Amino acid sequence: MTGTNLQRKRSEHGASLILLVSIIGLAFIVTVAAFLLAASNAQDTARLATAKVDIANREDILIREILQQTATGMPSGTNWTTIMTTAVNNIDAINYVDLTELARLGITGVIPANAGDTGGANPLSILQGYNQTEVPLGGTSGVANDISQASPPTDNPSLYNATVLPPLMNWSNSNATLSLSTAVTTPQEFFLGSLNTVSTPPTQSSGNRWAKLPYPATRFGYKQPSVSGSPNYFIARRVWWTIPVVYQTTQQTEEAIKAGTNVKRYPSAPANYVLSVYEIPSQLPISGNADLQIGGTAWGSGISVTGSISTSGNQIQLYGGTYNGVSSRQKVPVINSTTVGGVTYSSDSTGSAFDQLGTREQMALTQTPGAAAPVAVTGNDGKVLIMPVLPLRNGALSPNDFYMAAPGTPTHWDLYARPYYRCRIRIIISGTDSNLIYNSLTGVTNTAAGKITVQIIAQPDAVSKPDQILGFLDSAATLLPPITQTSIASPNPKLVSYGMNYTSTNKGKGPPPGNYPLDSYDRNILVIDIPTMITALIKALGQGSPAQLYSIYIGSNPTIEPAAALSTTSDPGIAITDTHDLSAFTRGLSIVTNQTLYLLDAFNQGPPPPPLPPPQPPTSIYAPQIRYSISVIPQVNLTGQVAVVPTPGPTPVNPLSFTSGNGTSISSSNIIAKLTEVTDPTPWSVTSPTGLPPITALSLLFTVEKEQN
Amino acid sequence: MKTILFLLATLGFIVNMQASQVLLTDLTGQPINTDQGGGNQHQGSNIYNGLGYLGTSPDLALITIARTADSSESYVVIWQGAVNKNQKPPANAIKLPGSDTTLTNPPLFVVNFSALLLAGTIPPPVDATTIYSIAVIEVDSQGKASTKTSAQFGFPYLNPQLQNTFNITTQLGNG
Chain A
1 MTGTNLQRKR SEHGASLILL VSIIGLAFIV TVAAFLLAAS NAQDTARLAT
51 AKVDIANRED ILIREILQQT ATGMPSGTNW TTIMTTAVNN IDAINYVDLT
101 ELARLGITGV IPANAGDTGG ANPLSILQGY NQTEVPLGGT SGVANDISQA
151 SPPTDNPSLY NATVLPPLMN WSNSNATLSL STAVTTPQEF FLGSLNTVST
201 PPTQSSGNRW AKLPYPATRF GYKQPSVSGS PNYFIARRVW WTIPVVYQTT
251 QQTEEAIKAG TNVKRYPSAP ANYVLSVYEI PSQLPISGNA DLQIGGTAWG
301 SGISVTGSIS TSGNQIQLYG GTYNGVSSRQ KVPVINSTTV GGVTYSSDST
351 GSAFDQLGTR EQMALTQTPG AAAPVAVTGN DGKVLIMPVL PLRNGALSPN
401 DFYMAAPGTP THWDLYARPY YRCRIRIIIS GTDSNLIYNS LTGVTNTAAG
451 KITVQIIAQP DAVSKPDQIL GFLDSAATLL PPITQTSIAS PNPKLVSYGM
501 NYTSTNKGKG PPPGNYPLDS YDRNILVIDI PTMITALIKA LGQGSPAQLY
551 SIYIGSNPTI EPAAALSTTS DPGIAITDTH DLSAFTRGLS IVTNQTLYLL
601 DAFNQGPPPP PLPPPQPPTS IYAPQIRYSI SVIPQVNLTG QVAVVPTPGP
651 TPVNPLSFTS GNGTSISSSN IIAKLTEVTD PTPWSVTSPT GLPPITALSL
701 LFTVEKEQN
Chain B
1 MKTILFLLAT LGFIVNMQAS QVLLTDLTGQ PINTDQGGGN QHQGSNIYNG
51 LGYLGTSPDL ALITIARTAD SSESYVVIWQ GAVNKNQKPP ANAIKLPGSD
101 TTLTNPPLFV VNFSALLLAG TIPPPVDATT IYSIAVIEVD SQGKASTKTS
151 AQFGFPYLNP QLQNTFNITT QLGNG
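Residue numbers (this note's numbering), protein chains in the order written: chain A, 1 to 709; chain B, 1 to 175.
Heads up, none of these hints are tricks.
Restraint-style ranges between C-beta atoms, simulated for each label pair:
(1) N84(B) x P613(A): 39 to 45 Å
(2) I560(A) x K85(B): 52 to 58 Å
(3) G143(B) x T535(A): 42 to 48 Å
(4) N92(B) x A476(A): 58 to 64 Å
(5) T68(B) x T535(A): 26 to 32 Å
(6) T535(A) x K85(B): 28 to 34 Å
(7) V686(A) x K85(B): 36 to 42 Å
(8) I560(A) x S72(B): 50 to 56 Å
Not everything, but these chain A residues come out facing chain B in the computed CB check (under 7 Å):
(9) F603
(10) Q605
(11) Q616
(12) T619
(13) Y622
(14) Y628
(15) P634
(16) N637
(17) T639
(18) Q641
(19) V642
(20) A643
(21) V644
Mimicking SDA-like on lysine to any residue, the simulated pairs with C-alpha atoms at most 25 Å apart in a straight line are:
(22) K509(A) x G98(B)
(23) K95(B) x T442(A)
(24) K509(A) x P124(B)
(25) K212(A) x E677(A)
(26) K331(A) x M363(A)
By construction, these hints were calculated from the structure, which means they are not laboratory data. Bear in mind the structure is a predicted one, so any value in this text is a computation, not a measurement. The C-beta atom is built at its ideal place from N, Cα and C for all residues, glycine as well.
Could you put together the complete structure from these sequences and hints?
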């Protein structure tokens, strides 16, 4: 029998076999462990990446919501706590799944897939602003939450970096109306009290409100965005805050969970966002707060527009023509083919064809990198909002109130957004009736008519800075004794001494059959010789000069019109005259009225014979309706800008549709308009024709961007 | 008593002796011309361009004529052309309806220049150099007419198409 000495063989190789198996086993274990470790690391990396993406998305959504809530809350004076609370709650900022709902469903102890959830109870905890609260750090010196004075938290060492952040503003101490403590907690108060630092930026208006700033890098084409080395400037005031956002997820390692060390897998990574509000005065050739109609047959060959067209209203309808750029808040319907920025846009009544998928990408490929599209809406850039500066009525922006005084005690927003309070002269008309003074149909003058009371309120600006942000109350001014005239048969010589005459228009049609329409019929008007009125007023006040009395409000029932009714037969029209030479108003001149304004002659052409160039200070005229002449259809030659504020009546508004005093539309062949852009906010002088008029329509452009360290 | 009677008699004398007056005022009540028994002083000078100011419009070209202490009949005439110094108005001068009065203190008379133009009562301007004149004529008890006061008006900024041009340099809110 032949056998194998297995025992012996085992005895010879057993040790090595065991060693081999052990080595293989160890290698296997090491390999498996390595795989497990790698897998664990990969999972951690995946968790980290997921958390990063999730947090990035959350931050993006959060700051968009904060932008929205800040813009919404600005006019009403909402404080930061409300703004931030609303923002974080609206987007479920820290827990995408509502924990209350989960508890109600009996689901507990789950690990949500939303890696960015912080698991905290207080959503505001992710905002690490002033004193580690939801209040942002402000970019204005002199306010407690001034970012340059804030103590940085240990995990957020870089607070104010002048090379990255905008220049610091200064708190305005000139108007004691505002409160420093409120400015910390309320963006509106902070915004209203912040002025540019002297000489920073270098080109500024007299009161440091307006500065020549680079247009921000947004795709909203109010202007073309500034690119490195090639800034595009516009006139604005930039007020800003930094919002530190710190997301810390609940995700932990298994080891940390077991060890109870509470070490987060995703370390808190603070991100600072810069929220800016650009206050933009009307400076473009055509701008406004209303829906606009541009071009078409209503525009003749005499129209020239140099610069962009923009509105903070909902839409601009394009009826043809060639323009540099067009931007609106919501849409731009192309009614007739129009060329903008060298690009021809086909008709499209939807207002969005220029922005549709495919078209947009094609344009992005073909246009200059970093440029805004020739036609743009705010939606082209998710972190931009534009809104008109308008007074509030019943909690909503009210265009008509632009021409009105506040019905009750004015708020700070009223003092800002209602031009009434920024007018140095307020001429308030009352006591009128519906008796027509002169009936042009019969040629009869009613000597019993002409009842009127005129109250003049005035306050010369001793420092001659028409760019002040806030206006002032009537009680802060001088109220001259009211001038009352019972009829034209007993004219009050005081009225005449102020260059005023209460008379009536001559349209050849007699009185209107009812309250409307007034345009085609005779109506009573208060004619004001502007230079004569100013001279008389200075004499009555014993102080002042045209440079200190640079803004005039003329109104009848200023707290209810034109919101209640544009005009009735009892409401006088306002006519201004002797306005050919306004060169004495070296700080500019603005005229605002809540009634129909009749221009009787040339406006701001300098003294005759006209020197070249004629001295033409910056001026503005704002009225719900402007009429040119009374009974004739004139030739209108306009140089400057058109800024449209919505009024009662049909929209969109054609900003170059002019009407004569008898309600007849002035033919496009009788209109020449040379519309240009204001580019320099520095004060006007004869040798330096710069500057903005004292009163303009305003828009607010809200932007938010991540601080790039 | 004698003193009082003397004062009353003196006062009556002053009233009776007070010269009649005419005051021409423009749209906003600013005086254009006034005369206390004077006549045609202008003769082509002192052209008032205030009708619509600097000639941009004849609208609301209202000239108010206040006549006080008239001793007899008076009326208002208007014509296209300048005033000839110390001469009667030309033959084509038009007496304005409603202006003729024999009242000592007649009510204000308003000349609506624009209405006269539109109604064709006076011819339209030929060009920017066209001048219109207005005069208040007084007729004494012997029927002799004399010019109490006069004023001249022009529209020097009419364009060649005789349109009233509104040159406006401003920021126009709600155009």
